[in-house]
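Protein chains: 2
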Amino acid sequence: MSEDRKITYKDSGVDYDRIDPLKIMAQRAAAGTAGNLAATGFSEVAESRGESAYVVDMGEFYVASILECLGTKSLVADAVRPLTGKTGYDRIAQDTIAMAVNDIVTVGARPVNIHAYWATGGSDWFSDQERMRDLVEGWARACDAVGASWGGGETPGLAGVVAPGAIDLAASCVGIIRPKERLIVGRELRAGDRIVIIASSGIHANGISLARRLAETLPEGYATRLSDGRLYGEALLDPTILYSALVQELLDGGVPVHYISNITGHGWRKLMRHPAPFTYRVTAIPPVPPVLAFMQAEARMDAAEAYGSLNMGAGFALFVPPEAVAAVIGTSERLGIAAMDAGRVEEGPKEVIIEPLAVRYAGESLNLRA
Amino acid sequence: MSEDRKITYKDSGVDYDRIDPLKIMAQRAAAGTAGNLAATGFSEVAESRGESAYVVDMGEFYVASILECLGTKSLVADAVRPLTGKTGYDRIAQDTIAMAVNDIVTVGARPVNIHAYWATGGSDWFSDQERMRDLVEGWARACDAVGASWGGGETPGLAGVVAPGAIDLAASCVGIIRPKERLIVGRELRAGDRIVIIASSGIHANGISLARRLAETLPEGYATRLSDGRLYGEALLDPTILYSALVQELLDGGVPVHYISNITGHGWRKLMRHPAPFTYRVTAIPPVPPVLAFMQAEARMDAAEAYGSLNMGAGFALFVPPEAVAAVIGTSERLGIAAMDAGRVEEGPKEVIIEPLAVRYAGESLNLRA
Chain B
1 MSEDRKITYK
11 DSGVDYDRID
21 PLKIMAQRAA
31 AGTAGNLAAT
41 GFSEVAESRG
51 ESAYVVDMGE
61 FYVASILECL
71 GTKSLVADAV
81 RPLTGKTGYD
91 RIAQDTIAMA
101 VNDIVTVGAR
111 PVNIHAYWAT
121 GGSDWFSDQE
131 RMRDLVEGWA
141 RACDAVGASW
151 GGGETPGLAG
161 VVAPGAIDLA
171 ASCVGIIRPK
181 ERLIVGRELR
191 AGDRIVIIAS
201 SGIHANGISL
211 ARRLAETLPE
221 GYATRLSDGR
231 LYGEALLDPT
241 ILYSALVQEL
251 LDGGVPVHYI
261 SNITGHGWRK
271 LMRHPAPFTY
281 RVTAIPPVPP
291 VLAFMQAEAR
301 MDAAEAYGSL
311 NMGAGFALFV
321 PPEAVAAVIG
331 TSERLGIAAM
341 DAGRVEEGPK
351 EVIIEPLAVR
361 YAGESLNLRA
Chain X
1 MSEDRKITYK
11 DSGVDYDRID
21 PLKIMAQRAA
31 AGTAGNLAAT
41 GFSEVAESRG
51 ESAYVVDMGE
61 FYVASILECL
71 GTKSLVADAV
81 RPLTGKTGYD
91 RIAQDTIAMA
101 VNDIVTVGAR
111 PVNIHAYWAT
121 GGSDWFSDQE
131 RMRDLVEGWA
141 RACDAVGASW
151 GGGETPGLAG
161 VVAPGAIDLA
171 ASCVGIIRPK
181 ERLIVGRELR
191 AGDRIVIIAS
201 SGIHANGISL
211 ARRLAETLPE
221 GYATRLSDGR
231 LYGEALLDPT
241 ILYSALVQEL
251 LDGGVPVHYI
261 SNITGHGWRK
271 LMRHPAPFTY
281 RVTAIPPVPP
291 VLAFMQAEAR
301 MDAAEAYGSL
311 NMGAGFALFV
321 PPEAVAAVIG
331 TSERLGIAAM
341 DAGRVEEGPK
351 EVIIEPLAVR
361 YAGESLNLRA
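As they're listed, the protein sequences go chains B and X.
Position 20 of the first sequence, counting from 1, maps to 20 under the working numbering, and the rest follow consecutively.
Position 252 of the second sequence, counting from 1, maps to 252 under the working numbering, and the rest follow consecutively.
No lab work stands behind these hints, which were simulated from the structure alone.
Any given hint could turn out to be false.
Note: identical chains are not told apart, hence a pair may lie in one copy or across any two.
As the list claims (entries may be wrong) - For lysine to any residue, the following SDA-like pairs were computed, each having C-alpha atoms within a straight-line distance of at most 20 Å:
(1) 23 <-> 127
(2) 180 <-> 216
(3) 180 <-> 61
(4) 180 <-> 256
(5) 86 <-> 45
(6) 23 <-> 284
Make a model of the complete structure from these sequences and hints.
Here it is in structure tokens:
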């Protein structure tokens, strides 16, 4: 394999250095609109700005909301369908809902209702009955799995905006935080807290541009066999785990959760999502799903690149006091999701240190807030 | 001008006959998830399914939510920019928010917070500082205008899903209906109610595919002069009127509003949006904005086609008892938006009759519900 197989995340078309200045400009303008709530008698939870979901104090309870997209995973489903004979749209429906729900539950919210956004490159998209049925059924099943009502949505044909034959999938979600003590914005996060890593099922829906770029360079593309005998393309389509039941069970059981980070774009750099200056020291890492190990090897990514952009087996991280670790791991395993006590929060400069890999991410490498 | 200039809405790439079966399949599956709310202690307002926004009864008040997209109007802004030297993105930011807000206020909701969805064909999009600033500033200004807090959003680069150089703009909105008596789902709609039509500013954001197709057939394209001397492309970018202040003032003032229809896709067929079998008899029509009169003439659309797909000067319709007409028109005019008593609701088969144009739309021509 030649050295030119090496692909960085930036090469694959996602350039966070370019996107982040707009995010920051938008975040500042957005913060300037908070005063509009005064006329409603409500107020925002200011710390929720820059968190994974926005939270409004509605008096008796908090209402959280979010809008998230799938990204480009639909292109993988389209490319893999001829190999497996399955559309995969039931799976990417779950991924799309996971993008919204796994974010909204990080603030302690319980999903209430979901809206669908399915924008196509033209009305033709809807002629494929099998794909259409898979999308609808997978969407409804994921709503059932997270206990939310599917309230409605948009199915526009956007020729010229969405690429021909493609679909842009996104979901919005409204959630409730009740009683109000369930709000999680990291006020209790402190040195000494443990970092409990909850397993991912595979790539989830982040790093997909890289996965697609890699497929183009492989002689057999998505049909390449992984170490476990599965097809690369098939494994990429393992749906994102829905972490809402885990969070609800923990909160229902009174388990103290100081902070939650959904590991998506920026990979393990998301462990330092909280704005406070702490050092996050990881002392044990979870098994790497074969599809991600394959991607790291084939794209010749070093550990810092791989863990800094992909989830590498860590789908979700809970920051809890030491006495809560057993309850978190036990609850997660009862739900069929592996979990491990992976490290600790320490006083120190803002950084993530992954000791077993000798990797360190400085605070400046995760620039999410204005 | 040759007869082949004639363009139907279907020719322009929007085929409602194809989209609606999916909408209906999705609506049925969505309705099947309503039971998930039981575990939250909440319940849905079942009539809100198929309405413009979804409503959940949260006890003390109702919470409405919605997710809507701009469509393809960003392509018009991009094409017109070289003619005017203005990006137009502040204007289409308002359009995008209007798509969500003008829908959510139809159920009597007051907008609380908004999320932005700005998906691009690649990170390059964000390099254009002027366009970026216009989008951010226009978005914040529209949030201020509707009294909502801009809570957050998504700015993904989706190469392969979104067309190169394009942007897919959408907005989600959460709104509050409080006191609960403000809920508008048409329970009070009855024969004898008046139809008050509130003016549009122009094309708003529906019929854009047709507008773009037409530009391609004109020798001077978007630079063609309208009867009022303005450029076709410039007039297309007049931002959608935000009707939220009108609805809030009417509800604050205790004016009885039996039903509201936001006139978007399907044009005036949206006057029969309510599920009950009534005849909607229009006896007077508002002035047609020059840009829409131009489109009708140039695309050789007859009245039935034009009013069945474009707003033709009617941006919003309120269905109110006769004694409320003066208050609605007076309030609207005080807000600077023309309004007129345009017709009445009658017992009879479900249809819209536009008497001055001898146009009739049968109930089956608006198939929005499962």
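These are the hints, each one checked on the structure:
1. In this assembly of identical chains, the alpha carbons of residue 23 and residue 127 lie at most 20 Å apart only when taken from different copies (12 Å versus 37 Å within one copy).
2. In the homo-oligomer, the alpha carbons of residue 180 and residue 216 never lie at most 20 Å apart, since the shortest distance is 49 Å inside one protomer and 56 Å across protomers.
3. Proximity of residue 180 to residue 61 under the C-alpha cut-off of 20 Å is found in both arrangements, the shortest distances being 5 Å within a copy and 17 Å between copies.
4. Taking the shortest Cα distances, residue 180 and residue 256 sit within 20 Å of each other inside one copy (14 Å), while across copies they are farther apart (35 Å).
5. For a Cα distance limit of 20 Å, the shortest separation of residue 86 from residue 45 qualifies neither inside one copy, at 44 Å, nor across copies, at 36 Å.
6. In this assembly of identical chains, the alpha carbons of residue 23 and residue 284 never lie at most 20 Å apart, being 33 Å within a copy and 48 Å across copies at closest.
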